[in-house]
Every structure is written in structure tokens, then in C-alpha cells.
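Chemist: For reference, the chains in residue letters:
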Amino acid sequence: MKRIYLHPLPLRVWHWVNALMVILLIITGIELRVPGIAALPANSTALLVHKYAGWAMVISCVFWFVYSLISGNLQRYYVIRKRDLQGIFGQAKFYLFSMFRGEENPFPPSPEEKFNPLQKLAYGTIMCIFTGVLVVTGLLFSDIFFFRKYILLLNVMRVLDAIHVVGAYVFVLYLVVHIYMSTLGSGASSHIKAMILGYEEELDESEMIVGYEQVLGEPGTTTAAVLPEKAAAFQACHTEHEGANIDG
Amino acid sequence: MDKNDEKMEILEPVVRSFSMNHPCSRRQFVKVGGISIIGISALGPVLARGATKPLIIVEQAQGIVVADPVKCVGCGRCELACTEFIDGKASPTLSRIKVDRNLNFGPKGVFALRQGQGNWGNGLVIQDLCKQCSHPVPCADACPKDAIVVAPPGNARMVDPDKCNGCKICLKACPWEMISFDPDSNKATKCFLCNGNPKCVEACPAESLSYVPWRDLRNKAPHRITTTAVIPPGKAAACQECHLPGAQKIVGQGIPKFLGGVKAGNPFSLREFGFKWIDRVGTALLSIAVLFVAVHAALRAVVKR
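For the protein sequence lines, the chains are Z and Y, in the order given. Following the working numbering, the numbering of the first sequence begins with 1 at its first residue and continues without gaps. Following the working numbering, the numbering of the second sequence begins with 1 at its first residue and continues without gaps.
These aren't lab readings, by the way, just hints derived from the structure by calculation. Just to be clear, a hint being listed does not mean it is correct.
Derived lysine-lysine pairs resembling DSBU-like cross-links, with alpha carbons at most 35 Å apart [as the list claims (entries may be wrong)]: (1) Lys168(Y) to Lys71(Y); (2) Lys172(Y) to Lys235(Y); (3) Lys93(Z) to Lys2(Z); (4) Lys220(Y) to Lys51(Z); (5) Lys190(Y) to Lys89(Y); (6) Lys145(Y) to Lys199(Y); (7) Lys190(Y) to Lys168(Y); (8) Lys89(Y) to Lys71(Y); (9) Lys149(Z) to Lys235(Y); (10) Lys149(Z) to Lys220(Y); (11) Lys31(Y) to Lys145(Y); (12) Lys149(Z) to Lys276(Y); (13) Lys145(Y) to Lys163(Y); (14) Lys187(Y) to Lys220(Y); (15) Lys168(Y) to Lys235(Y); (16) Lys187(Y) to Lys199(Y); (17) Lys51(Z) to Lys235(Y); (18) Lys89(Y) to Lys149(Z); (19) Lys235(Y) to Lys199(Y); (20) Lys163(Y) to Lys51(Z); (21) Lys163(Y) to Lys190(Y); (22) Lys51(Z) to Lys172(Y); (23) Lys199(Y) to Lys220(Y); (24) Lys71(Y) to Lys31(Y); (25) Lys145(Y) to Lys71(Y); (26) Lys51(Z) to Lys193(Z); (27) Lys149(Z) to Lys71(Y).
With these hints in hand, go ahead and build the complete structure from the sequences.
Modeler: Spelled out as C-alpha cells, the structure:
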């Protein structure tokens, strides 16, 4: 096992605070959505929690943007480059097919390039578009600015509500996939541990499961990565089998 | 006369009303006729909806009577003027303006007048008046007979004595106990600003009362009683229909009523607040995502071995 320091402390704290807020918002949001907001009294717990968690979400969102801009994370990790566009299909193929065959991730995370192309796409869209839309429409609902008269004038309250709800559904969809994929690390909980402790545990090259054909097919290049005693073990095993075949 | 000419004769006024100077072609006839049919058929549901909708007051009152407790001398002429003008008798318990000396308000302060638990007040004279609440109006929303209506000149909230059946629900709905009840006629009654010319203001010798443009005083005076929020189901449905159309079923007339009600609004229309289609698509996509994740996890567990 080797350990890579991936997530700095502020981001880890932000992630978990944000997670708490999102969970609160989703639970209370469902509570507001299912019976209908007009059916609830103005001082119901669900409404108040949604409101205050929403304000916390605004702060959290602003913090993320400012932090990402100042630390350069936004430019470094989130901008999609030509290389990423080429890597998207490989990454999707890995998640959909090659993963089951025990192949390694084509994009191991490193402090220089934390996210694979699909992650870049997903996180970038969620943070820059959907969270932004949810926060802005939520702010417009909270009746604080001079926007009130324009909302009433244009009669767009219903449209804003629809946008808010669509954004929330996309967010929940993303959350399902996000939570599932957090178990796809080298161990089931290694990504989650990394998000708490900051260190991502990755398999060494010696621990990676490498296809046998690959080992034997190109001995000059790939066996270099295999430890000598293991290579010997492979060799011993295979020559034995070959011998048996010839005999038979 | 040619058949075509006959047609033109009939269409002439229609054409003129649309200010077309040239004669009408077949295409235009179809166009105008089609638009008219669509318009008239669209009018149907609108009219039907208006007919079955319970009364919800959204108009804001124009004026309100406010009192200056410093100038008030506590003579009670306003109460007399009120009951004499409206009821034709001197009956201060019926008065819509309630003037009282707070000798017994307790630790809660002046506004806990009738609920205060202490012995001593500051002895000041206080004046209770209807706040002419803006939407939602508690008394009007609670009334099962739609008897509290908007009185035209000043948009004051007024009890319609023909509709009132004396159930006293509005007395419990007003947070400030501002509805009076007349046991003789068995009707509730409340301040309706004397149709824009309040008699109490005229009667006040100390210039304590004044009739001013409406302002929201609901937050100035704390609630005196805990209101029982009894809203009839029809009205609750109407609240839903306005705030969240498509979210609630409202019971219709005739066959729809027999079938258990009709949906308010079109769930697939972008104009409606309900946007039920968003929920349908969203839950479908969510189920697909959860299924996909489950299949992926199962495959991972099986294939790895």
C-alpha cells in the first residue's frame, strides 16, 4: 500500500459540512414537496430547517468557489482539456466493463491530477451549474432582495420552483451515483477514509492483479514491474504446466 | 342572389368587427372561426373554475382605524357611536372597537389584557381595533359559510349577516379577539370601517382615533389568543390550487364528485406550479439509477470471485 495526500484539510471539512447540509436539505425538501408547501404552516420545522440549511448552503457554496479560485483548484482540477475528452470513453469503459475483469483504473489519482475525466465532468457540472442554480433560485425564494417585485411582475415564481425541483432531482441522482462510487476504491471504504483523513490508499504495482497473458507475452517490458520472486513463481507455475501438456 | 353573396352578407359584420376592409376568403373564415371556437372552449373551464372556487380574500384593505393611547381619555363614545350606528342600540360589549383600562394585565404586558395573570396594570387606556389583515385573512379563511367578505369602498373585511349562521368559528380564528358576537340576532360582527367613514373616528372628542391608509399592524400587537386554525377542506384545497396547482385534488360537482374529485390544473402544463411530470420523470430516473447501481454492485461482487 502506498499513501498519497489528496485532500487538504479545508476541503475535507467543507465536504462533510456540505454533505450534512445537502442531506438536511434533501430530507426537508421532500417534506416540503410531497404534501405541498402551501399545506404546511409557516413555522413548521421542515420549512425552517430548509431555510437555514439553505443559507448555510449559500455560504458553503461561496466558500467553495472562493477557495477553489484562490488555491487554483478550479483551474487545475476542473478545466476539461483535450486529453480529458479523449480519456472519457476509456474511463466510462473501465467503469462499465473492464472493472469487473479486475483491470486497473486507467486514471490513478495523484495530487497533480486528482480527478479522472468523468469526475471532472460530474463535479464541474454539479458544483458550477446545478448547485449554482439551486442556490440562486433558493435565494430568490427567500424574499430578501429587490427581486421580489420583478418576480411578481414577470410571474416566474412557478418557473423558478420548477427549476429548483429539477435541480434537486439532478442533485439526488448525482448523490446516488456519488455515494456508490465512493466504494469503488482499492478497498470498499478507502475513498471515504481518504475524504476523512486526506490520504488515499492505492495499490502498489506489486499488488495489482496483472493478466497472465500480459506477463508472459511481453516479458521484457511488463515483468520489470513484477517482483523477482513473484516472477519466478509465475515462471515456475507456467513451465510446470507446459511440461505437463507436452507429456500428455 | 348568389350563394356566395349570401355568405358574404352574413360575414360582413364579423369582417368589419375585425377591421378588415377586404372581403373574407375561405381561409380567413376558417381561421377566424377556429380561433373563436378555441377561445370559447377555453372560456368554459375558466368560468367553471370561478363558479366552484371558495372565497379567499386577497385584496388588501385601503384604510384602517388607528388609536393613540396617549390622547385617549377613555370616555367610550367611540363604542357608543359604533353600536348605535350599526346596531341601533347602545351595547358596548358589541362594539367593534374595544376600549379598556388595563388594570389587570400581569407580567405579560399591556397586550395580555384578558389573559394576564398578575394583579396590577399601568392603568393606561388601551384601544383594540381590527387590523384588517391582508391575505391570508384568519377570520375569513376560517368561516365555513364564506360570510366574511370584502366590503367594496375600502376593501374592509365585513361579516355578511345574510350568510352568517352564528357558528362562532371566526371568534376563535382571530388572534386578537376582534370579532364581536350579537346573541340577540345570533350573528358575528366585526369592524368594516363603516363603509369608509368610521363613526368612532367622528365621535372621538380627543382626536385619539384616526382613519389612515392601511398599514400592517399585525406584528405590532402580539397575539392574544392561540388561534385554532380550522380551515374548511374546500378552502384548504383552494389555497393549494393557488400556491401549488396540480398538487391537490379538489372535489368537483356531479360525476367528478362521484369519482372522487378532479385534478386541479393540468399536471403536464408548464404554466402550472405542480409540475407533476417533473416528479414522475425524476422518480423514474432515480429508480433507474438505483437499479443500475445495484446491478453494478452485484456484478462486481460476482465477477471478482
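Chemist: Hint by hint, say whether it matches the structure.
Modeler: Against the structure, the hints:
no., hint, result
1, Lys168(Y) to Lys71(Y), "holds (34 Å)"
2, Lys172(Y) to Lys235(Y), "holds (17 Å)"
3, Lys93(Z) to Lys2(Z), "holds (26 Å)"
4, Lys220(Y) to Lys51(Z), "holds (24 Å)"
5, Lys190(Y) to Lys89(Y), "holds (16 Å)"
6, Lys145(Y) to Lys199(Y), "holds (28 Å)"
7, Lys190(Y) to Lys168(Y), "holds (12 Å)"
8, Lys89(Y) to Lys71(Y), "holds (27 Å)"
9, Lys149(Z) to Lys235(Y), "holds (27 Å)"
10, Lys149(Z) to Lys220(Y), "holds (25 Å)"
11, Lys31(Y) to Lys145(Y), "violated (46 Å)"
12, Lys149(Z) to Lys276(Y), "holds (27 Å)"
13, Lys145(Y) to Lys163(Y), "holds (6 Å)"
14, Lys187(Y) to Lys220(Y), "holds (29 Å)"
15, Lys168(Y) to Lys235(Y), "holds (18 Å)"
16, Lys187(Y) to Lys199(Y), "holds (21 Å)"
17, Lys51(Z) to Lys235(Y), "holds (27 Å)"
18, Lys89(Y) to Lys149(Z), "violated (47 Å)"
19, Lys235(Y) to Lys199(Y), "holds (33 Å)"
20, Lys163(Y) to Lys51(Z), "violated (41 Å)"
21, Lys163(Y) to Lys190(Y), "holds (14 Å)"
22, Lys51(Z) to Lys172(Y), "holds (30 Å)"
23, Lys199(Y) to Lys220(Y), "holds (24 Å)"
24, Lys71(Y) to Lys31(Y), "violated (70 Å)"
25, Lys145(Y) to Lys71(Y), "violated (40 Å)"
26, Lys51(Z) to Lys193(Z), "holds (31 Å)"
27, Lys149(Z) to Lys71(Y), "violated (38 Å)"
Figure legend: structure checked against the earlier numbered hints; hints not met, in rising order: 11, 18, 20, 24, 25, 27.
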